[in-house]
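Asker: Residue strings, one per chain:
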Amino acid sequence: DTEVTQTPKHLVMGMTNKKSLKCEQHMGHRAMYWYKQKAKKPPELMFVYSYEKLSINESVPSRFSPECPNSSLLNLHLHALQPEDSALYLCASSRPGRGTYNEQFFGPGTRLTVL
Amino acid sequence: DAKTTQPTSMDCAEGRAANLPCNHSTISGNEYVYWYRQIHSQGPQYIIHGLKNNETNEMASLIITEDRKSSTLILPHATLRDTAVYYCIVRGTGTASKLTFGTGTRLQVTL
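Quick mapping for you: the protein sequence lines, in order, are chains A and B.
Note that our numbering has the first sequence beginning at 426, numbered continuously upward.
Note that our numbering has the second sequence beginning at 55, numbered continuously upward.
Bear in mind the hints are in silico, worked out from the structure with no lab data behind them.
Be aware that a few hints might be false.
Claimed, not checked - Below, computed lysine to any residue pairings styled on SDA-like, alpha-carbon distance capped at 20 Å:
id, chain 1, residue 1, chain 2, residue 2
1, B, 57, A, 469
2, A, 466, B, 162
3, A, 465, B, 137
4, B, 152, A, 444
5, A, 465, B, 115
6, A, 466, B, 100
7, B, 106, A, 528
8, A, 465, B, 61
9, A, 447, B, 96
10, A, 478, A, 509
11, B, 152, A, 485
12, A, 466, B, 106
13, A, 465, B, 155
14, A, 463, B, 157
15, B, 152, A, 453
16, A, 466, B, 93
17, A, 465, B, 106
18, B, 57, A, 470
19, A, 463, B, 106
20, B, 152, A, 530
21, A, 444, A, 500
22, B, 152, A, 527
23, B, 152, A, 434
24, B, 57, B, 96
25, B, 152, A, 441
26, A, 434, A, 498
27, A, 444, A, 503
Stated by the list, open to error - Calculated from the model, a selection of chain A residues having no Cβ within reach of chain B, i.e. all distances over 12 Å:
id, residue
28, 447
29, 477
30, 490
31, 491
32, 492
33, 505
34, 513
35, 528
Even for Gly, the Cβ is constructed at its ideal location relative to N, Cα and C.
Same shape as in the complex, but just chain A (with noise of 0.2 Å):
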């Protein structure tokens, strides 16, 4: 299994409404990440996981918080969202460390709406 999944595939919430995106994989990975992608610009990474524990934020708002539960799952808890909070969401995962073959695995990620 060399996937990637992430549910759901869209979602639409109101700025007070509570939510999570799930991402999943089975490849063994123990790094996993969560990119932001707006619109017609290049994903920006949000979060890093290292064997379970948060080992990058980048300085993201509270109101979005991860969770990796196991080594196979990543939670994004979504909570009081802004409009401008609107983008696709991005999981990845990959061997962690300082190898060279760590290279990412991205699923196809999850389009977020807020009204």
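Once you have looked at the hints, place chain B on chain A.
Answerer: Quick look at chain B alone, frame taken from chain A:
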């Protein structure tokens, strides 16, 4: 990580080789050149990476100049399915696998 410069867009006829350039003049000795592509509405896909030697895999070839200040990704026989945004990324091994995407090159393959 070093910054990269790529042309905004390129066109290529189907069946011809697509040569995508990338400048990374501030690259340091322990930084690798990675290429990813993103087909519309999909997640980015890893293509190839290299340090100083030329590399080839089933998808593409990567040519890195001797001074390592630039590189070229070659798709030997482009097809319509290769239409995508191609990102050249320079990354060190000690940066916790952080990928910093630039603006990329939008490659349009035409009949």
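Asker: Next, verify each hint and record whether it holds.
Answerer: Hints and how they fare:
1. B/57 to A/469: Judged against 20 Å, a Cα distance of about 15 Å means the pair holds.
2. A/466 to B/162: Holds: residue 466 of chain A and residue 162 of chain B sit about 17 Å apart, inside 20 Å.
3. A/465 to B/137: Satisfied, since the Cα-Cα distance of roughly 15 Å is no more than 20 Å.
4. B/152 to A/444: Distance of about 26 Å is beyond 20 Å: violated.
5. A/465 to B/115: The hint is violated at about 27 Å.
6. A/466 to B/100: Holds, at about 18 Å.
7. B/106 to A/528: OK: residue 106 of chain B and residue 528 of chain A at ~18 Å, within 20 Å.
8. A/465 to B/61: holds (15 Å)
9. A/447 to B/96: At roughly 16 Å apart (the allowed maximum being 20 Å), residue 96 of chain B and residue 447 of chain A satisfy the hint.
10. A/478 to A/509: Cα-Cα ~28 Å, so violated.
11. B/152 to A/485: holds (15 Å)
12. A/466 to B/106: Since the Cα atoms of residue 466 of chain A and residue 106 of chain B sit roughly 29 Å apart, the hinted pair is violated (cutoff 20 Å).
13. A/465 to B/155: holds (13 Å)
14. A/463 to B/157: Between residue 463 of chain A and residue 157 of chain B the Cα gap is close to 12 Å, so the pair holds against 20 Å.
15. B/152 to A/453: holds (19 Å)
16. A/466 to B/93: Holds: residue 466 of chain A and residue 93 of chain B sit about 13 Å apart, inside 20 Å.
17. A/465 to B/106: At roughly 31 Å apart (the allowed maximum being 20 Å), residue 106 of chain B and residue 465 of chain A break the hint.
18. B/57 to A/470: holds (16 Å)
19. A/463 to B/106: Violated, at about 33 Å.
20. B/152 to A/530: Measuring from Cα to Cα gives roughly 13 Å; hence the hint holds.
21. A/444 to A/500: Status holds; Cα separation ~10 Å.
22. B/152 to A/527: Satisfied, since the Cα-Cα distance of roughly 10 Å is no more than 20 Å.
23. B/152 to A/434: Given that 20 Å is the threshold and the Cα spacing comes to 25 Å, the pair is violated.
24. B/57 to B/96: violated (24 Å)
25. B/152 to A/441: violated (32 Å)
26. A/434 to A/498: Distance ~16 Å between residue 434 of chain A and residue 498 of chain A Cα, so the pair holds.
27. A/444 to A/503: holds (5 Å)
28. 447: holds (15 Å)
29. 477: holds (15 Å)
30. 490: holds (20 Å)
31. 491: holds (15 Å)
32. 492: Holds, since 19 Å exceeds 12 Å.
33. 505: holds (27 Å)
34. 513: Per Cβ check, residue 513 of chain A is inside 12 Å of chain B; nearest 8 Å; violated.
35. 528: violated (4 Å)
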